[in-house]
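Novice: Here are the chains, one letter per residue:
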Amino acid sequence: MDIFMEYFWAFLIGGLLCAVGQILIDLTKLTPARILTSYVVAGVILGAIGIYEPLIELAGGGATVPLTGFGSLLSKGVREAVDQYGLLGAFMGGFTSAAVGISAAIFFGLIAALIFKPGTKINE
Amino acid sequence: MNISNQEYGELAKRVSPPSSMTKTIPMAFVIGGAICVLGEALLNMYQALGFDRDNAGALTSMTLIFLSALLTGLKLYDRIAQFAGAGTLVPITGFANSVVSPALDFKTEGFVLGLGAKMFTIAGPVIVYGISASIIYGIIYYIFKVLNGYV
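So the protein lines, in turn, are chains A and B.
If you count the first sequence from 1, position 73 lands on 72 in numbering that gives the first Met the number 0, and the numbers rise without skipping.
If you count the second sequence from 1, position 77 lands on 76 in numbering that gives the first Met the number 0, and the numbers rise without skipping.
What you were told as hints is all true, and nothing was included just to trick you.
With a straight-line Cα cutoff of 20 Å, these simulated SDA-like cross-link-like pairs (lysine to any residue) come out:
hint	chain 1	residue 1	chain 2	residue 2
1	B	Lys22	B	Arg78
2	B	Lys106	A	Ile105
3	B	Lys106	B	Thr120
4	B	Lys106	B	Leu73
5	B	Lys74	A	Pro31
6	A	Lys116	B	Phe105
Non-contacting residues of chain B with respect to chain A, defined by C-beta distances greater than 10 Å in every case (computed):
hint	residue
7	Asn4
8	Ala47
9	Leu48
Short derived list, chain A residues pointing at chain B, Cβ under 7 Å:
hint	residue
10	Ala18
11	Gln21
12	Leu35
13	Val39
14	Leu73
15	Val81
16	Gly100
Worth flagging that the hints you see were computed from the coordinates, not collected in a lab.
Positions of the beta carbon are idealized from the N, C-alpha and C atoms, including for glycine.
With the rest of the complex left out, here is chain B (with noise of 0.2 Å):
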């Protein structure tokens, strides 16, 4: 069969699976937005059990990385993370995920090289950017305040 370049390329657009983009989207936007209800249910019945707004969200992020943990253990995140995309990396879910997945993997290389270091792999990047760019906050602030006769 004699094809052009451009021909193949169109038969190979037509053939292959449609991960396009109006299918990824959506599709990050339900689980996303899902997991995010969840969220605000967890939230709604802490406060509801007595716990002020800030020690519930704490507690919100907690039950929610407890439970990606044990669907990471348990393989299931990861399957749902294939057509969910974005919308299980973004929530905090992701993060825990990011963190217990490369600690299982890597467990075979060692309890102190593999699975404790490897847990850091993307937790540790987010925290050293994260926690840097609220330092350059908190100094900036500082001089704000002193400039403005607070401090």
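Chain A extracted, bound-state conformation (with noise of 0.2 Å):
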């Protein structure tokens, strides 16, 4: 693919993920928290069903950086893992295909949290 396409795609499937999430925030006041939780969710459910895996394919970053590429990167970890695993499976590929996040979230966290010093907070 033309690489001047390649980056239109990630820029405009992404800024659409991230407009939804702004609408579902004015329109519905719904809390980060809840903001977060539901794109997951739903990402492992558009994975599930097939439809994440295309949409990734087309927008490259523009699918995979927003939270609801790491709920698809959950499902498809859970397939992978069933498919070797069998039932037990189910229990391990979430965890596995999320390790690296999850992982740098809590150590780069720990480090930042570690070095900076507590500020006044600027959002409620």
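Both chains come to you apart, so use the hints to assemble them.
Specialist: Here's what the structure looks like:
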């Protein structure tokens, strides 16, 4: 694919997924925690029914960077683990595929919290 | 000055700063899209360095999470989030911010029940429902395979 189109799709799809989140915040007053949780669960469902992976093919980072991409990664991990280990795989695949993201957030979060000073929070 | 409730409402609407959806939604679109473009660039960079697509994706997430932790620590992420709204919330950097921000703010309440526990204020529910949804999908997928004679 043409390099320009690749970045165009990443921008468009990623931007749209964020715009949908903003519409939800503005119209329904959903809290950020609920938005993030809903996006991950939606990603698991969209990944499970096979809609999300074609979107990743098209938009690359535009589909993998939003949290729906994290959800679809969970469903992909579970599917592969069930293929390999049977029913036990249902309890393995999610954490296996999410391992890097969760570990990185915990570890870098700890380091940042240790190094930096707490300041006045701008958002409530 | 005697004005009716309705007049006051109109006056307040005119005077208060515009934070209407015509501003918030394009802002979320542009900032969110830009973070995804950065993700795409990192994905290409790691693939060019010889990593396969899955590992390049994992390294991209790791890099974005690192950058978000750094910007959160420097108090810059929340400043951008003020006008970016969902544009900085929905990308994985928003997830990282939701981990780092309370960890930093509650450090004063101790390293175990402050920093350690509050880190999961938002990430906790995300993991609980995300992992549970994936387990339910795994069980359904397994039953589907059994019924179709694949197992």
